[in-house]
Amino acid sequence: MPQPTLLQSLVIALIQVILVVILIFVIVPLTIFAERKVLGHLQQRLGSTRIAGTLTGLSGFLNRWMWRMGKVPVLSYWRGLPGLAGDVLKMILKEDVRPAKADRFVFFIAPALSFVAAVVVFGAISFAPGTLFTLPAWVPLVGGLPVAGAIADINVGLLWILGFASVGVYGILLAGWASNSKYPLLGGLRSAAQIVSYEVPLTLSLLVPVLLSGSLSFGELSRRMAVETGYAAILPQMVGFLLYLTCGFAETNRTPFDMPEAENELVAGFHTEYSGMKFGFFYLAEYINMAVVSAIAAGFFLGGPWLLPFGLQGLWIPESVPFLGQPNVLFFLAKVVFLLFVYIWVRGTIPRYRYDQIMSVGWKYLIPLTLINLALAAGIRYFA
Amino acid sequence: MFKNQEMEINMGPQHPSTHGVLRLKLKLDGEVVKECRPVIGYLHRGVEKICENKTFFQGQVWTDRMDYCSAVANNLGWAEAVEKLFGITVPRRARYIRTLLNELNRLASHLIWLATHAMDIGALTVFLYTFRDRESILDMFEAFCGARLTTTAFRIGGLREDMPPGFEKMVRDFLQTFPAAIEEYEALLTENRIWKKRTIGVAKLTAEQCIALGVTGPLLRAAGVPYDIRKAHPYAAYDEMDFEVPTRPEADTYARYLVRLEEMRQSVRIIYQCLDKMPEGPVMAKLPKVLKSEVCEVYHPTEAPKGEIGYYLVGEKGSTNPYRFHVRAPGFMNLQSLPAMVEGSLIADIIAAIGTLDVVLGEIDR
Chain A
189 MPQPTLLQSL VIALIQVILV VILIFVIVPL TIFAERKVLG HLQQRLGSTR
239 IAGTLTGLSG FLNRWMWRMG KVPVLSYWRG LPGLAGDVLK MILKEDVRPA
289 KADRFVFFIA PALSFVAAVV VFGAISFAPG TLFTLPAWVP LVGGLPVAGA
339 IADINVGLLW ILGFASVGVY GILLAGWASN SKYPLLGGLR SAAQIVSYEV
389 PLTLSLLVPV LLSGSLSFGE LSRRMAVETG YAAILPQMVG FLLYLTCGFA
439 ETNRTPFDMP EAENELVAGF HTEYSGMKFG FFYLAEYINM AVVSAIAAGF
489 FLGGPWLLPF GLQGLWIPES VPFLGQPNVL FFLAKVVFLL FVYIWVRGTI
539 PRYRYDQIMS VGWKYLIPLT LINLALAAGI RYFA
Chain B
108 MFKNQEMEIN MGPQHPSTHG VLRLKLKLDG EVVKECRPVI GYLHRGVEKI
158 CENKTFFQGQ VWTDRMDYCS AVANNLGWAE AVEKLFGITV PRRARYIRTL
208 LNELNRLASH LIWLATHAMD IGALTVFLYT FRDRESILDM FEAFCGARLT
258 TTAFRIGGLR EDMPPGFEKM VRDFLQTFPA AIEEYEALLT ENRIWKKRTI
308 GVAKLTAEQC IALGVTGPLL RAAGVPYDIR KAHPYAAYDE MDFEVPTRPE
358 ADTYARYLVR LEEMRQSVRI IYQCLDKMPE GPVMAKLPKV LKSEVCEVYH
408 PTEAPKGEIG YYLVGEKGST NPYRFHVRAP GFMNLQSLPA MVEGSLIADI
458 IAAIGTLDVV LGEIDR
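Residue numbers (our numbering), protein chains in the order written: chain A, 189 to 572; chain B, 108 to 473.
Please keep in mind that the hints were generated in silico from the structure rather than gathered at the bench.
Here the structure is a predicted model, which means the values were calculated and not measured.
All residues carry an ideal CB built from backbone N, CA and C; glycine is no exception.
There may be inaccurate statements among the hints.
[To be verified] According to the in silico footprint, chain A covers these stretches of chain B (three or more CB under 8 Å from chain A): (1) 177-188; (2) 218-231; (3) 300-308; (4) 447-460.
[As the list claims (entries may be wrong)] Capping the alpha-carbon separation at 20 Å, the derived lysine to any residue pairs in SDA-like fashion look like this: (5) LYS303/B to VAL534/A; (6) LYS289/A to ILE116/B; (7) LYS370/A to LYS303/B; (8) LYS370/A to ASN111/B.
Starting from the given sequences, assemble the full structure and let the hints guide the process.
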């Protein structure tokens, strides 16, 4: 295969970026929709049901028939989906109110910072090893060239991810400060303290796969974790996964750690003063962060694009098995979707920690546990 | 160059979890509450003064609108206070039906409390579960008196009408499923680590403090004092009912949660007894067309879901209106204890404390 020219590789990269952005903007609204629906069904209600409910035609017939049977109509599961378009429209069209005493520039930059930091992380995430698909030959300029399963599977991928995850906290902190209002300030400060604290155990729990695999690149790391670790490494991986997920909940400000925006205490936390699309960016950033945390958990602990988690793939399913033995981007996405479901599930089940309790959980329990887990992984690495 | 300053912050009157228009002036040192001053009166309608210009029959309508979550209990207090003033004897069957409705109302009120309290602490799902069950209670109210929230359930001297056909089956069907529903709430909360962490030892109020501040109801019982007016000064048909007064010694938010859940179970027992022992007979006493009072005064305390609700009525010779009317509202008295509960704790505990106080501003501001 001839080496692609600079222009060609730029176009390929653009295609990859567009694909990932499309993926984000498909996953995020669907997560929001799923949150409404799943939470609804957890709470014995239907979730959003407006719009797209036809009472005529075949679907209408099915719907009415199922209602008559005393069941929730199958088609109504998708009702409310077009409402998302309405939500976006509402955010864009709504008046953008800026408090008179807010710091103009910082107030403007904070949501952008949150949003960009969340999106950029996707650059280093590898959805599938090697080539995702090859462009057909009739495509001008880049015909016949492969499109890789990651935008940039760089060899310091993990550092990139963690670095930008930390930048996200600036968005929240600055938003709280720039609003020049009391509730947002409290929310922003809480958030800064919480996220900084939880970044420690988060990073420590991610060191386990790094140690076991000896790589920092997302794709390489998930490959080695999926197919090259032995039985001994299963325990630290499982523990690490649970610890990571806990910290991930805290990092994304979700229940039970949704302190910065604990609505019942701080009205809406750091984004109290935001409206319109500026608020929309915070809202999107939260869901993108959820997707990021899920994608990292899926890649590092759950075997990424390979079927089985915790290194069981390499032990149980040889690579010669068709389909199940091969890496597939669908497996990866399925794991992400499952973890997103876990997020919603947890939200529907448990209450919220108090601020000081969150801190004590982080420093007194999670950090020692991650350190022990790390020592365990180091021992396994040394002896095995 | 640097100075320490306490942050003054207004919680309310518009705030998601002050349960209406309660306003708290807080002084914060970081997240620690140094001072908490409740400011009330945003929902003041002058109910007491209005009632002085209404006849005894009309006054009852206003009692609905005080504690709108437990309208029946308020109606009961008013009706019995007026009956005490005029020396009217209510037929036994009417007293049984009143007891039944009052206990149903206690369930509805406690369900609202659990819903909002749990949601304030972040447990969203309980909210929807309790509202599902409260819905059936409201349906029963609707079947009985046509209204769901502002019931005006009773008449002075008894009831306007007997139970509608099918009402007893409605109640029994509900009682069949309700204990399982309580189990469901408990499954989500009672042994939940986070719930326990958020409530155990939070917003403590000892028995001495409760008595000094005039706090009654589940708060007092959760401090270990078995004072329940249904037992201490029985009214309606409570002297013929067999039930227990749950108490806990811990005097914290978790204890109040357990006490209220146990009260719900006891209410179910009382409702069963009402249905099983329901006597036959008329539901309305013989009354003159116009009630004209003598000069006399009564104070009639009843056990509303939130505590002791007392009606103080003074009659005027030959008048159809009360000369003076005053309500000892449990929410008003209980709210006094908020500063004692939260000063020195964290902001998040205020939310738990407001939840556990079960405030309804309609009755506090009147």
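Verification of the hints:
no.	hint	in the structure
1	177-188	violated (count 0)
2	218-231	holds (count 7)
3	300-308	holds (count 4)
4	447-460	holds (count 6)
5	LYS303/B to VAL534/A	holds (17 Å)
6	LYS289/A to ILE116/B	holds (17 Å)
7	LYS370/A to LYS303/B	violated (29 Å)
8	LYS370/A to ASN111/B	holds (16 Å)
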